[in-house]
Structure formats: C-alpha cells, structure tokens
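Engineer: Starting from the known structure of chain A, fit chain B onto it as the hints suggest.
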Amino acid sequence: MSPLSNMKYYPLKELIVARAKEFFREPEAIFWVYVFPILLMLGLGIAFRGGEVDVRVDVVSHSGSDVAVRSLESMEGFRVEVVTAEEARARYAAGKVDVIVEPTGGQYRYLYDPSRTGARAAKTQVNDILQAAAGRRDQISSTTKLITEPGSRYIDWLIPGLMGMNIMGGGLWGLGFVTVDLRVRKLLKRYVATPMRRSDFLLALMSSRLFFLIPEMALIMTVGHYAFGLEVQANLIAIATLIAVGAICFAGIGLLVACRAEKIETVSGLMNLVMLPMWLLSGIFFSSERFPDSMQPFVQALPLTQLNNGLRGLILEGSSLTEQWVPLLLLSGYGVLSFCLALIWFKWK
Amino acid sequence: MIDLAIRCKDLTKVYPGGVSAVSGLDLEVRAGECFGLLGPNGAGKTTTIEILEGILKRTSGEVEILGHTWGNGDRVIREKIGISLQETRLSEKLTVRETLKLFRSFYPTGISPEEGIDLISLSEKADARVGKLSGGQRQRLAVACALVGNPALLFLDEPTTGLDPQSRRKIWDILRRFRSDGHTILLTTHYMDEAERLCDRVAVVDHGKVIALGSPNELIASLGGEHMIEFSVTNGTSSTSAPVPESELSSLPGVSAVRVDGAKITLTASEPHRVLPQLLEQLRGNSGELTRLSIRHVSLEDVFVELTGRHLRDADASS
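In order, the protein sequence lines correspond to chains A and B. Residues in the first sequence are numbered consecutively from 1, following the working numbering. Residues in the second sequence are numbered consecutively from 1, following the working numbering.
These aren't lab readings, by the way, just hints derived from the structure by calculation. Among the hints, erroneous ones may be present.
As the list claims (entries may be wrong) - Each computed DSS-like pair below joins lysine-lysine, with the alpha-carbon atoms no more than 27 angstroms apart:
no., chain 1, residue 1, chain 2, residue 2
1, A, 263, B, 132
2, B, 209, A, 13
3, A, 349, B, 93
4, B, 264, A, 347
5, B, 57, A, 8
6, B, 209, A, 8
7, A, 21, B, 93
8, A, 349, B, 209
9, A, 21, A, 145
10, A, 186, B, 125
11, A, 189, B, 209
12, B, 9, A, 349
13, B, 9, A, 189
14, B, 264, A, 189
15, A, 21, B, 57
16, B, 9, A, 263
17, A, 186, B, 132
This one's a predicted model, so the numbers in the text were calculated from it and none came from an experiment.
Bound-form chain A, shown alone (with noise of 0.2 angstroms):
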C-alpha cells in the first residue's frame, strides 16, 4: 500500500470535530437550541409584561346592579360587564372573567376560584371600591408605589429558569439521543472496532455540548439584556462555571438514559420521564415554593431544582460562586454518580 503519511492525527479532536460538524450541519438542532428559548422568552416576556393588568368583572344584572357598575366603571384598570347570572358563569368558565358580582336586596354576593391567579385579589379590590361607594372611609390614609424595576420582575425571575431548561434539555438530548442514535446505526460497534479509546469518545460526545452551550447561554442573556433589560448581577465567570457544572451534570444523565437502550423510542420515553417532574416541580415558568412543604425535599432534591436555585442567585441576586455551594456540589454529585453508572452499564455493542 502506499507510503504512510506522517501526520499527527488526535483522535479527541477528531471526534469533537466531527460532532460539531454534524451538529451545525442539522437544522432541526439548530431550532431546538438556539431559536425555540429565545422565541419562549419572547412569547413569555411579552404575555406577562409589566404594569397592570385590568381587572374584569361581570356583574349580574339586577335591580341593585346600577350603583354597582357606575362605582367600577369610574375607576380605572376596571372592564365592568353588565350580563345575566347564566352569561356570568359561562364567561367566568370560559376564562372572560376575574370576578362575578351578583347584587341582591341590598347585599353584594362576589363569586371567584381562589385557585384563579389575581382572582382572589380581584375581589378584594371590588369589595374595597363598593364599600367605599356605600359609605366606608379608610382609617388611615396610605399611598402606592409600583415596583417595576429591572431585577424583581417576573421576566427576570424567567430567564434563569429557561437556561436551566436548556441545559437540561440539551444535555439529555445532546448525549442521550446522539448515543442511541449512534447505537440504532451500529456505528458505536463500528468505532469500537477501531482503537478508539471508549474515553475519548465520551469526552468528545461531553465537551462538544459544552462548546454549544456558550453561544446558546450567551444568547438568551444577551437577548434577555437587550429586550427586557435583565441585568446580570454576577460576573461570567462564576455563571459559566455553574452552568458547565449543570451541563456535565445532565450529560451524564444523559447518558445514563441512554447506556442500554437500543431503541429511539425507549430512550425518547426515558428522557422525557426523568425530563417531566423537572419541568413542572423545578421552578422554571413558576417557583418551586408553591409545592406543599411535604413535597419539598424531594423538589429541592432534584437537579434542576438545584440548577434553577443557583442561576437566580447569581445572576438576580449577585451572590458568590461560594455562597453557591449547595448547587454546585449536589450537581456534581448527580453528574459524578450517573456518570459512572452509565460507564458500567454502557453497551457499546
């Protein structure tokens, strides 16, 4: 055969390489990790912007009902309906409605689901406005102040959480999918049929999603920056170091997911069922503290949890890498551990 060449080839490069070759190459990933967060947050930033939101209330036409509607209608931030009882329960079912008032003999009866966000504040403040119109007088006078500053809006609160989604999501994927992937098109027992060293093909499959994670994470805060005015309080450092720690954390459970699975299937049904109770119990769209106290060691035990908790106190709250600790530890713990779970049970044939 012809002479050997004598180039230097690194096989951890190589396969680094490749795979970002093959990730930059595929549109649908493109989406899935660059376009869908920013369009989330978007979606996200613009539904629950600041200011407020008028309340809507129907009141239940009647012979008392005129002092009623003439009270609301002169204050502002009120959409006052005037409707018949059976319109007012089908509008308050179809999500038309904060607040119900039904007037009778004299008596204001208010009907609301205290489980409706604003629902129970909705009413207390049309109590407030008719008492006030029938006569009440506040004891002791008080003025308002909106707090719509960067930093403790609900936008803010959301970013963390969306790049913690993210992390989660991409690591599961980024190495979970591409594995069984692999394995479906017997190319893992192609290249293990070389001297390829196993590690350098698992670090490669790890550092690569490292590598599309910085321009991923780089930009839902830039875009969060420019849109929204996030303001990040800690510095980049300590943030990129908690998220690489994040991101080694769900390769590895990534890989967990997919060590013995040979079907697309059985791995997309995995992924999706370590995924579930993260999305919902970790605090991405709303806070974690809303589970009862019984459920909270099991939420704050999971690693999104974890993540989430992290990447608000840096970036909202500027706190230290240190004062972290809680996170960054139970984070490499999980990666650690799954980590050498998979190694074990991984079938690389």
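Structural biologist: This is chain B only, laid out in the frame that chain A set:
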C-alpha cells in the same frame, strides 16, 4: 513471520435463549490469502466473523488473530485489523474526506485520507456528504474506513450484498489490490460468484459448521466433473420423472452424478461431448418431448447443493 493470520478451533456460540449459531467451527486463514466464508443466510457467518473481530464474545473455543488472543492483546489486534460490518450507517452529515479523517485518527499509523479517497476512486465525491452518496459509493467508503489504518488483516461481512454489478466489480478491484500487496482478507458472502472470483480458499458454512474447505477449483473438482448437463422431458401432458432409468444415465461415459429434481434432471459430467450423443440417442427412443437442454460449468452453488441438498439462496435461516 506468522504463517496463520487467523486460527480458530472448535468455536461455538450459543446466544442467550439457547439458539446455537456456531457449533464447533475450525478455521485456519493463511497470511496473504483471501479467504471466503460461503453459506446461506443464518448459517452463522456473521456470528463467526464478529467473534473473530472481537465484537462478540464466544461461548467456547480458541481464537488467535495475528498471533494474539482477544482479552490479551486487544489494542494490538485492533491496530492491525480493518473491519467492514454488514450494515453501518456512517454519519450522513459528514463528507467523505471528513469521515476518513475521523477513522484515520483512531489508528497510530496508516494512509492519509486523500490516499484512501484515491484507493476507492471517490475523488470527485471527496467533499460530498455521505447522505448524498449512492449505495455502492457508501460501501466503498466503508471499505476505505477499514483500510485507513493500513491493516494487515481485513474483515468484510458481505461487502457487496445489495449492490449493482458495476459497484460489486469496483469493490472486488479494491480488494484484489489490497490482497496483491500481501495482506490477508477474510470475507463472508452468499454470492458464489464473489467467492469464486475473489477467494483463494473458501469454507462452505452451514448450520454453524464448516462442511467443505478448499480452493474454489478444488471444491468444484470434488463433484467429479466440471460440467452440468440439465434437461427436462415431458411426456404428453404429464411430466415423467424418469424418461430414462437413472441407472442408464449414470452409466453414460464420464457421468459422475445424477440428480432428479421433478422433471429436471442434472448430470455431472467431465466430458459433455461424449455424454450428449449417447444421451440424445437414449431420449430418441423415448416418447417424451425434450423441453430443455443446457450445459454449464459447475459452480460453488452446485457444490453447496451437493453437500446440503438445498440452494444457497433458498436455504435462508434454516435453523
């Protein structure tokens, strides 16, 4: 120098669930030869080659590859062998050049990706993605991936299955060149023409055992003649299975075997020009009509039929 590239003794493989794929297979592949495992699907060829490649674990038996054994010198063996699996879907997003560079990087020595591309004559597709290649081009690339580490021993599991004749010839050319450089090839195939044209020696495998071994010519000669005379005679509306008594046929000069398969009769003969006049003479006295008469060279297929009573193609998954 080692004279044997592969030594395999009393190899068995029983899959979980009790299915026995290989049952006592012996194999000695000499350095520098192209050796073929010929057999129908399900004969145990792939299991055997994957055990030899160190991908599957054997149940029992001895295996020695280039003087090393699996479990002792895995890395040494891996660096010296090249492998093409039966079906590998290489990454469709990478180009031919990128794929070869990746595989090349796994080996301490070898040829450059460019040389690999030349070897398989894919220069005009060097920068095309694997997803855009034809089946034949992909298979050539798979062979190149097996060759980039400059192996002393090449394993190929059904290298041309499903390819068109032209693509098959191209692969054969690549393998002949590799073999003429003094390297060893072990391939599996269920194409008799592939085994005949490419292999120095062939082991016919059935039910996980070697049932015949030798050069294609030796195997063919073992049938006792080099020609097959096939004919059919119909008697009016119904076919008669014996227009001429079998004993009369086998006493024809140079006929070493007679096979009666329904209306079709096959004679194995060394000298057709002596057999035919007498055969036709015998048929003239018969009331039947000669509907078919052909003479062809004996092939490995006939060897397989002789040994097993089945054809290579329709003996699928017989166990």
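Engineer: Can you name, in rising order, the numbers of the hints this structure does not satisfy?
Structural biologist: 2, 4, 5, 6, 9, 14, 15, 16
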